[in-house]
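Participant: The residues making up each chain are set out below.
2 protein chains.
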Amino acid sequence: MRISELVERSGVPLPTVKYYLREGLLPPGTPTGRNQAAYDEGHLQRLRMIRALIEIGGLPVSGVRDVLRAVDDPGQMGHDLRGIAHCTVARPVRGDRTSPSWQAARVTAAALAAERGWHVHPEAPAFDQLADAIEALRGLGQDDLLTLLPLYADTADELAKPEVAMVTRRPDRAGMVEAVVTGTVLGEAVFNALRRLAQEHQSSLLA
Amino acid sequence: MRISELVERSGVPLPTVKYYLREGLLPPGTPTGRNQAAYDEGHLQRLRMIRALIEIGGLPVSGVRDVLRAVDDPGQMGHDLRGIAHCTVARPVRGDRTSPSWQAARVTAAALAAERGWHVHPEAPAFDQLADAIEALRGLGQDDLLTLLPLYADTADELAKPEVAMVTRRPDRAGMVEAVVTGTVLGEAVFNALRRLAQEHQSSLLA
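Residue numbers (the working numbering), protein chains in the order written: chain A, 48 to 254; chain E, 48 to 254.
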């Protein structure tokens with residue numbers, strides 16, 4: 048298809064498509080003339096994934112680039128899908144991760160996984176993100192909300208079982224990688240939205 | 048305390064503190080001289096909340112302003128805490144929410160709440176966010192991940208019960224509002240990080 052059809056079917060504006068092509072997020076089409084190229088269904092699918100990661104996952108363009116690199120070259124990431132899940136969660140590092148209060152929060156985070164016998168990389172970025180949030184809650188005097196941590200961890204583990212099982216049902220490795228990436232980012236958006244609705248509902252019962 | 052102590056205790060750089068003062072996110076201190084003002088523990092707490100909302104919650108400055116307005120004037124928000132929870136989830140609206148595929152996703156989102164008898168505002172922003180993610184998953188051909196929606200909804204409801212109960216245990220309304228805001232934004236960051244770790248663990252069991 049021509050670039051105009053790619054624009055129409057994806058709903059992504061032409062300047063944005065050109066930007067993704069320049070940035071290498073979208074692979075070039077097959078040249079068909081001096082200033083023309085042909086694009087296929089793979090380009091459309093890729094464009095949809097880029098938009099989902101940016102608009103719904105809230106990833107920066109640099110984060111999208113990392114994710115797509117993993118999708119295109121899963122071998123790079125090690126022997127399982129973990130590295131890919133990691134790289135979808137890239138976030139700007141917070142200022143001070145050396146303070147005693149942050150270190151204490153990091154210990155709390157690691158203990159939650161250790162108590163459950165979780166097999167996770169000891170330097171998984173999610174540990175740091177968890178520590179960021181724990182430190183912030185303590186700093187705001189909201190420590191009591193942290194009593195929910197074990198419930199959160201057990202619930203997360205229960206949810207992860209069917210999620211991972213579903214992803215591994217994909218027929219090929221490329222499909223699995225795509226499902227991990229979209230499942231991590233979009234699955235999070237889905238669950239966060241449902242939590243907000245459920246919280247609103249539970250609040251209304253007490254009003 | 049002087050502004051230098053506010054900077055030191057909060058870890059927020061001076062130019063940033065001045066920016067928040069100019070933008071009205073942080074209320075002015077009590078003037079103590081021509082170019083000096085005194086700040087108190089309330090300023091420090093407010094500064095910590097601003098940083099948490101931005102760094103961990105990922106809110107834009109305009110979103111922080113909306114949240115703080117709700118914290119400062121809960122009466123504005125109606126008779127319960129729902130409005131406040133809503134305003135913490137402000138996100139840029141996506142381009143096309145008129146397409147048939149988005150409308151279909153929005154119907155799916157509403158049905159999840161209706162089937163559970165949830166008391167939620169029919170135009171809660173979370174419905175639109177849920178529809179965004181559902182539409183994106185369908186567009187990417189990841190429909191099978193949507194079979195997890197009922198499990199997600201039921202799990203979210205189970206989590207919301209202790210969360211809301213904990214918030215309502217706060218002694219005063221101001222404390223409740225602060226707990227709702229930080230609990231929504233930081234609680235989400237906590238749970239998302241734990242989900243990523245749990246997914247990594249479950250993936251490793253299959254490797």
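Simulated from the structure, these hints should not be mistaken for laboratory data. Any given hint could be a false lead.
The list makes no distinction among identical chains, and a pair is therefore deemed to hold if it is satisfied within one copy or across any two copies.
Simulated pairs of lysine to aspartate or glutamate, DMTMM-like, Cα-Cα distance not exceeding 20 Å [said to hold, decoys possible]: (1) K65 x E52; (2) K208 x D190; (3) K65 x E55; (4) K208 x D191; (5) K65 x D87; (6) K65 x E102; (7) K208 x E162; (8) K208 x D113; (9) K208 x E55; (10) K208 x E88; (11) K208 x E52; (12) K65 x E205; (13) K65 x E170; (14) K208 x D175; (15) K65 x E88; (16) K65 x D204.
Participant: Each of the hints needs a verdict: does it hold here or not?
Facilitator: Taking the hints in turn, this is what the structure says about them:
Taking the shortest alpha-carbon separations for K65 and E52, only the intra-copy value of 13 Å comes in at or below 20 Å, while the best inter-copy value is 49 Å. For the identical chains of this complex, K208 and D190 are inter-copy neighbours only, at 18 Å across copies versus 29 Å inside a copy, given an alpha-carbon limit of 20 Å. In this homomeric assembly, K65 and E55 come within 20 Å of each other (Cα to Cα) only inside a single copy, at 14 Å, whereas the closest approach across copies is 46 Å. Proximity of K208 and D191 under a CA criterion of 20 Å is satisfied inter-copy only: 15 Å between copies versus 28 Å inside one chain copy.
In this assembly of identical chains, the alpha carbons of K65 and D87 lie at most 20 Å apart only when taken from the same copy (16 Å versus 51 Å across copies). Taking identical chains as interchangeable, the C-alpha atoms of K65 and E102 lie at most 20 Å apart only when both belong to the same chain, with a minimum of 18 Å there against 31 Å between chains. Proximity of K208 to E162 under the C-alpha cut-off of 20 Å is restricted to the intra-copy arrangement: shortest distance 18 Å within a copy versus 24 Å between copies. For a Cα distance limit of 20 Å, the shortest separation of K208 from D113 qualifies neither inside one copy, at 26 Å, nor across copies, at 37 Å.
Taking the shortest alpha-carbon separations for K208 and E55, neither the intra-copy value of 38 Å nor the inter-copy value of 45 Å comes in at or below 20 Å. Taking identical chains as interchangeable, the C-alpha atoms of K208 and E88 are never at most 20 Å apart, the minima being 32 Å within one chain and 45 Å between chains. For the identical chains of this complex, K208 and E52 are neighbours neither inside a copy (40 Å) nor across copies (48 Å), given an alpha-carbon limit of 20 Å. Taking CA atoms no more than 20 Å apart as the test, K65 paired with E205 passes in neither setting, with 42 Å inside one copy and 45 Å between copies.
With identical chains, the CA atoms of K65 and E170 are never at most 20 Å apart, being 37 Å at best within one copy and 35 Å at best between copies. Taking the shortest Cα distances, K208 and D175 never come within 20 Å of each other, neither inside one copy (23 Å) nor across copies (27 Å). When the C-alpha separation of K65 and E88 is checked against a cutoff of 20 Å, the pair qualifies only within one copy, where the shortest distance is 17 Å, while the shortest distance between copies is 51 Å. For a Cα distance limit of 20 Å, the shortest separation of K65 from D204 qualifies neither inside one copy, at 41 Å, nor across copies, at 43 Å.
Going through the hint list in order, the structure does not satisfy hints 8, 9, 10, 11, 12, 13, 14 and 16.
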